[in-house]
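K.L.:
Modelling step: build the complete structure from the supplied sequences, incorporating the hints.
If you're matching them up, the sequences are chains F and C in order. When we follow our numbering, the leftmost residue of the first sequence carries the number 15, and every step to the right adds one. When we follow our numbering, the leftmost residue of the second sequence carries the number 331, and every step to the right adds one.
Hints listed in this document are in silico derivations from the structure and should not be mistaken for laboratory results. For every residue, glycine included, the Cβ atom is placed at its ideal position computed from N, Cα and C. Treat the hints with care, since some could be wrong.
[What the hints assert, rightly or not] Across the chosen pairs, the derived CB separations fall in these ranges:
| hint | chain 1 | residue 1 | chain 2 | residue 2 | range |
| --- | --- | --- | --- | --- | --- |
| 1 | C | T364 | F | T91 | 30 to 40 Å |
| 2 | C | R378 | F | L103 | 48 to 58 Å |
| 3 | F | R93 | C | I371 | 47 to 57 Å |
| 4 | F | P72 | C | E357 | 15 to 25 Å |
| 5 | C | E456 | F | S19 | 27 to 37 Å |
| 6 | F | A99 | C | R442 | 32 to 42 Å |
| 7 | C | A428 | F | M66 | 27 to 37 Å |
| 8 | F | R93 | C | L394 | 51 to 61 Å |
| 9 | C | P391 | F | E83 | 26 to 36 Å |
| 10 | C | E357 | F | S19 | 22 to 32 Å |
| 11 | F | S19 | C | R460 | 51 to 61 Å |
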Amino acid sequence: MDIRSTLAAQAYQPQRLPQAAPAQEDGGAFTQAMTNFAETVAQGEMQARAAMTTGADPHALVTALAQTELAVQTAVTVRDRVVEAYQELLRMPV
Amino acid sequence: MTDFSNALSVAASGMSAQAQRLTHVAENMANTDTPGYRRKITTFELDRGFDATQGTVRPGPVRLDQSVLAQIYDPRPPLADDTGHFDGSNVDLVVELADAREAQRSYEANLRIFDQIRQMSSSLNELLRR
Numbered sequence: 015m016d017i018r019s020t021l022a023a024q025a026y027q028p029q030r031l032p033q034a035a036p037a038q039e040d041g042g043a044f045t046q047a048m049t050n051f052a053e054t055v056a057q058g059e060m061q062a063r064a065a066m067t068t069g070a071d072p073h074a075l076v077t078a079l080a081q082t083e084l085a086v087q088t089a090v091t092v093r094d095r096v097v098e099a100y101q102e103l104l105r106m107p108v
Numbered sequence: 331m332t333d334f335s336n337a338l339s340v341a342a343s344g345m346s347a348q349a350q351r352l353t354h355v356a357e358n359m360a361n362t363d364t365p366g367y368r369r370k371i372t373t374f375e376l377d378r379g380f381d382a383t384q385g386t387v388r389p390g391p392v393r394l395d396q397s398v399l400a401q402i403y404d405p406r407p408p409l410a411d412d413t414g415h416f417d418g419s420n421v422d423l424v425v426e427l428a429d430a431r432e433a434q435r436s437y438e439a440n441l442r443i444f445d446q447i448r449q450m451s452s453s454l455n456e457l458l459r460r
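P.N.:
Structural data, given as structure tokens:
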């Protein structure tokens with residue numbers, strides 16, 4: 015498991031996504047972003063497991079973990095904004 | 331995020347290539363006294379495997395230094411010819427030290443870039459959070 019496999023997984027990801035997430039009428043982009051996020055996290059976990067068990071390339075592990083970190087940060091930030099907007103709606107006087 | 335993750339991959343490929351180079355330097359240093367050993371030279375090439383837009387680097391095929399081997403005078407080993415000389419290695423420890431230092435500096439540069447990319451994406455997220 016070296017860096018090239020990480021890169022290959024990334025390069026294949028856009029081609030795999032349309033089958034994984036069929037386009038819906040609304041929320042298609044969001045679904046796709048979520049699928050992308052889940053894939054990134056799963057890949058990070060896979061790399062971590064490979065590094066711990068089979069002694070894979072640590073550079074690939076660091077790359078995968080950094081990308082997972084970025085993805086989680088983005089997801090958490092977006093979630094916070096969505097929840098904030100929802101609460102804003104709840105506070106609206108009717 | 332793709333720009334950031336591409337940049338992360340490129341920086342990591344640079345670090346990996348420099349680690350490979352350091353492996354060869356270590357091999358050369360370890361084999362300084364091996365008779366007939368030729369020092370290994372690491373080459374670098376652009377990796378355009380599956381995506382031509384990605385400028386990652388990878389270590390190329392290893393070349394062997396073809397300069398003349400040192401002639402060592404010692405009649406005792408069975409390797410020695412009639413004049414009492416045998417072929418040593420063509421490793422120069424000073425050159426290897428310089429190469430190791432260069433690999434270290436290059437690795438550090440890639441590491442800084444890696445860290446900077448992480449900081450940049452974090453500050454982008456920070457902007458979204460406010």
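K.L.:
If a hint holds in the structure, say so; if it doesn't, say that too.
P.N.:
Verification of the supplied hints:
For the pair C/T364 and F/T91, the supplied restraint of 30 to 40 Å is violated, since their beta-carbon distance comes to about 56 Å. Separated by about 50 Å at the C-beta atoms, C/R378 and F/L103 satisfy the suggested range of 48 to 58 Å. Between F/R93 and C/I371 the beta carbons are some 51 Å apart, a value that agrees with the proposed interval 47 to 57 Å. At about 20 Å, the beta-carbon gap between F/P72 and C/E357 stays in the expected band of 15 to 25 Å.
Our hint of 27 to 37 Å for C/E456 and F/S19 holds, since their Cβ atoms are close to 32 Å apart. Restraint check, F/A99 to C/R442: a C-beta distance of roughly 38 Å satisfies the suggested window 32 to 42 Å. The hinted window of 27 to 37 Å between C/A428 and F/M66 holds, with their beta carbons roughly 36 Å apart. Between F/R93 and C/L394 the C-beta distance comes to about 56 Å, which sits within the given range of 51 to 61 Å.
Separated by about 35 Å at the C-beta atoms, C/P391 and F/E83 satisfy the suggested range of 26 to 36 Å. Distance hint check for C/E357 and F/S19: the Cβ-Cβ separation is about 25 Å, which falls inside the suggested range of 22 to 32 Å. At roughly 38 Å, the beta carbons of F/S19 and C/R460 sit outside the given window of 51 to 61 Å.
The structure shown violates the earlier hints numbered 1 and 11.
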